[in-house]
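Asker: Spelled out, the chains give:
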Amino acid sequence: GAGVSQSPRYKVAKRGQDVALRCDPISGHVSLFWYQQALGQGPEFLTYFQNEAQLDKSGLPSDRFFAERPEGSVSTLKIQRTQQEDSAVYLCASSLGSIAFFGQGTRLTVV
Amino acid sequence: RKEVEQDPGPFNVPEGATVAFNCTYSNSASQSFFWYRQDCRKEPKLLMSVYSSGNEDGRFTAQLNRASQYISLLIRDSKLSDSATYLCVVNPEEGVLAGNMLTFGGGTRLMVKP
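From first to last, the protein sequence lines stand for chains B and A.
As numbered in my numbering, residues 1 to 111 make up the first sequence, in order.
As numbered in my numbering, residues 112 to 225 make up the second sequence, in order.
Hint data in this document are derived by calculation from the structure and do not stem from the laboratory.
For glycine and all other residues, C-beta sits at the position ideal for the given N, C-alpha and C.
Incorrect hints may have been included.
Unchecked claim - With the Cβ distance kept under 10 Å, some of the chain B side facing chain A (calculated, not the full set):
(1) Q6
(2) G40
(3) Q41
(4) P43
(5) F45
(6) L46
(7) F102
As the list claims (entries may be wrong) - Calculated lysine-lysine pairs in the DSBU-like style (CA-CA distance at most 30 Å, straight line):
(8) B/K78 / A/K153
(9) A/K224 / B/K78
(10) A/K153 / A/K190
(11) A/K113 / A/K156
(12) B/K57 / A/K113
(13) B/K57 / A/K153
(14) B/K78 / A/K156
(15) A/K156 / A/K190
(16) A/K153 / B/K14
(17) A/K156 / B/K11
(18) B/K57 / B/K11
(19) A/K153 / A/K224
(20) A/K153 / A/K113
(21) B/K14 / B/K78
(22) A/K156 / B/K57
(23) A/K156 / A/K224
(24) A/K224 / A/K190
(25) B/K78 / B/K57
(26) B/K78 / B/K11
(27) A/K153 / B/K11
(28) B/K14 / B/K57
The whole structure should be built from the sequences, with the hints applied where relevant.
Answerer: So this is what it looks like as structure tokens:
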């Protein structure tokens with residue numbers, strides 16, 4: 001497809017369950033970002049990749065959050081032992097130049 | 112204090128009105144600035160970049176005031192379809208390839224009424 005694709009679009013997890021969120025960036029885009037957006041808030045930075053290298057993970061809220069991009073294209077954000085405060089929309093964005101393009105996000109609800 | 116601050120609104124305006132939003136940023140070294148638009152339950156989409164000299168795109172005008180560290184967005188002749196959340200975005204470097212993440216404000220919600 002032409003845009004950033006994220007899956008699943010919606011995920012309901014029981015507290016304590018592990019989840020994996022997938023991002024397919026625009027082909028050829030070097031930079032990939034993950035953001036977390038709580039209801040009524042702006043997106044908050046989680047982590048950044050340049051190709052397969054994770055250059056910044058300062059926004060990951062705890063060691064339960066882990067992201068990877070092993071071949072420099074598809075990225076996975078994994079959340080272990082989910083908590084209710086993890087409920088949010090997780091947005092992925094990719095970029096080749098000065099503009100970032102976002103996927104539609106994964107809405108995670110932890111119950 | 113957040114790095115990028117916006118009035119959350121909502122701004123309720125009638126069709127045809129002119130409305131302006133401001134956004135302040137704390138990092139004086141910031142280099143590039145953007146306005147993104149986000150519709151309900153959708154992803155943010157770039158509305159316009161903000162240049163030092165100010166720029167206009169149809170009914171939308173963006174301005175940057177480096178001395179006071181704020182950017183503004185002016186919407187003229189508001190349409191119902193302008194109803195959305197407008198996100199102010201700041202980047203410490205020119206271009207995201209520099210490896211610095213975009214920092215978002217909390218967004219300003221606009222509701223245009225008939």
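Asker: Evaluate each hint against the coordinates.
Answerer: Status of each hint after checking the structure:
1. For B/Q6, the interface hint holds, the least distance from its beta-carbon to any beta-carbon of chain A being 9 Å, beneath 10 Å.
2. A distance limit of 10 Å between C-beta atoms decides the matter here; for B/G40 the minimum to chain A is near 8 Å, and the interface restraint holds.
3. About 6 Å separates the beta-carbon of B/Q41 from the nearest beta-carbon of chain A, less than 10 Å, and the hint is met.
4. Checking B/P43 against chain A by beta carbon gives a least distance of about 5 Å; that is within 10 Å, so the hint holds.
5. A cut of 10 Å between beta carbons decides the hint on B/F45: the least distance to chain A is about 4 Å, and the hint holds.
6. Satisfaction of the interface hint for B/L46 is found here, the shortest Cβ-Cβ separation to chain A being roughly 9 Å, below the 10 Å cut-off.
7. With a cut of 10 Å, the hint placing B/F102 at the interface with chain A holds, because the nearest CB-to-CB distance is about 4 Å.
8. At roughly 22 Å between alpha-carbon atoms, B/K78 and A/K153 fall within 30 Å of each other, so this suggested pair holds.
9. Restraint check for A/K224 and B/K78: not satisfied, since their Cα atoms lie roughly 41 Å apart, outside the 30 Å limit.
10. With a C-alpha separation of about 19 Å, the suggested pairing of A/K153 with A/K190 holds against the 30 Å cut-off.
11. Straight-line distance between C-alpha atoms of A/K113 and A/K156 comes to about 22 Å, which keeps the hinted pair within the 30 Å bound.
12. At roughly 19 Å between alpha-carbon atoms, B/K57 and A/K113 fall within 30 Å of each other, so this suggested pair holds.
13. For the proposed pair B/K57 and A/K153, the alpha carbon gap of about 25 Å is at most 30 Å, so the pair holds.
14. The straight-line distance between the Cα atoms of B/K78 and A/K156 is roughly 25 Å, inside the 30 Å bound, and the hint therefore holds.
15. For the proposed pair A/K156 and A/K190, the alpha carbon gap of about 18 Å is at most 30 Å, so the pair holds.
16. Proximity of A/K153 to B/K14 is assessed by CA-CA distance (about 25 Å); at most 30 Å being required, the pair is judged to hold.
17. Proximity of A/K156 to B/K11 is assessed by CA-CA distance (about 23 Å); at most 30 Å being required, the pair is judged to hold.
18. Under the criterion of a C-alpha separation no larger than 30 Å, the hint pairing B/K57 with B/K11 is consistent with the structure, at around 23 Å.
19. At most 30 Å may separate the alpha-carbon atoms for a hinted pair to count; A/K153 and A/K224 meet this at roughly 21 Å.
20. Proposed proximity of A/K153 and A/K113 is supported: the alpha carbons are some 24 Å apart, at most 30 Å.
21. Distance check on the hinted pair: B/K14 and B/K78 sit about 15 Å apart at the alpha-carbon level, within 30 Å; holds.
22. Restraint check for A/K156 and B/K57: the C-alpha separation of about 24 Å stays at or below 30 Å, so the hint holds.
23. At roughly 22 Å between alpha-carbon atoms, A/K156 and A/K224 fall within 30 Å of each other, so this suggested pair holds.
24. A threshold of 30 Å between alpha carbons decides the hint, and for A/K224 with A/K190 the separation of about 8 Å falls inside it, so the pair holds.
25. With a C-alpha separation of about 13 Å, the suggested pair B/K78 and B/K57 falls inside the 30 Å cut-off, and the hint holds.
26. Our distance criterion of 30 Å between C-alpha atoms is met by B/K78 and B/K11, whose separation comes to about 13 Å.
27. With a CA separation close to 16 Å, the supplied pair A/K153 and B/K11 stays within the 30 Å bound.
28. Note on B/K14 and B/K57: the hinted pairing holds, with a Cα-Cα distance of about 26 Å set against a maximum of 30 Å.
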